[in-house]
Amino acid sequence: MQAPHTIGRFAAAIAAAAALAAPAHASGIRAAEGIGFYIGVDSLATVASGTFAGMANPNAGRLTLLLDHGNHFHGIGAYSYGGTAASPVVLPTSANNRLPEMSSRVTEAASSIALQAGTGAFAGQWVSGVLPEGTPAADYSYLGAASIQSLVGRGDAAEVLYGSSGGRWNAAYGDVVVGLRLEGISDGLKVAVGDHLDVFSGGAGSVFTLGSGSALSFLPTFYTDGAAAPGTYSAQFSLVNLGSNGAVRDGGSFYYDFSVAAPVPEPGTWALMLAGLAAAAALARHRRRAH
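Per mature numbering (1 follows the signal peptide of the UniProt record, and there is no 0): the sequence shown = residues -26 to -1, 1 to 265.
Keep in mind that the hints are not guaranteed to be accurate.
[Unchecked claim] Listed next, with one range per pair, are the computed distances between beta-carbon atoms:
#1 Val64 - Gly177: 42 to 52 Å
#2 Ser218 - Ser78: 15 to 25 Å
#3 Ala221 - Gly162: 53 to 63 Å
#4 Ser61 - Gly127: 16 to 26 Å
#5 Thr81 - Ala203: 19 to 29 Å
#6 Val64 - Gly158: 14 to 24 Å
#7 Ala236 - Leu171: 19 to 29 Å
I should point out that these hints are in silico values taken from the structure, not numbers from a laboratory. This one's a predicted model, so the numbers in the text were calculated from it and none came from an experiment. Cβ atoms here follow ideal geometry from the backbone N, Cα and C, with glycine treated the same way.
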């Protein structure tokens, strides 16, 4: 397993630059910083509703990725139950474990986060970044994550989000160091953080240290080579506790789905294609007259 990396001062400078470049998002508390996700620990003791109501919550005490959804969170990839109430099976993920969320995938374009042409250090690459409002899956393109404790003191809207679901996610724990473990990744897709251009170069099982459970901040860039084939590129992760607090357990697995668009022909290419089609049509007409 690759040794965990820690974000250094250079990475903090890159994060600050990214924050300045990111446009504000209508519902995200820290969207101007590129942050659309938080990490918390589930304190719900029993399942509140549904088939498994009243049973012990299999995600209790586990690190969980939380999507900022305005005045509440969506847990992504939390431990859950399968099977039946009579024969429940604990699953290390949930039906809501992909980003964009399955419920938002109303079109093909909304089923993945589009990678964009890179600039600067990422020139010649396809890279992730905050997508313009109105773009399919734009709400999921704020890929930065921070501790839920970072919402404290940020105003009324942040307090509502912080305390949502009866405070289910906002318990503070000491001696927790959060790591992001790579479970699997599409060939050609890489993850950069600050000055680390391939933080999961060790492949599946590699762990990148995000930081203290109460003060972490994480701004990743997902990217592929500029010559990458069009299609979907995915990465699967889980959150792990690298600290000494055994009361906080590792979280379930979740996926990010990105896409590289098929190239759009240049105007000259379109002209050649149309000319070729016209020539073929003329030849076909000539042959019909000849017969």
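Each hint tested on the structure:
no. : hint                        : verdict
1   : Val64 - Gly177: 42 to 52 Å  : 27 Å, violated
2   : Ser218 - Ser78: 15 to 25 Å  : 38 Å, violated
3   : Ala221 - Gly162: 53 to 63 Å : 39 Å, violated
4   : Ser61 - Gly127: 16 to 26 Å  : 46 Å, violated
5   : Thr81 - Ala203: 19 to 29 Å  : 22 Å, holds
6   : Val64 - Gly158: 14 to 24 Å  : 21 Å, holds
7   : Ala236 - Leu171: 19 to 29 Å : 26 Å, holds
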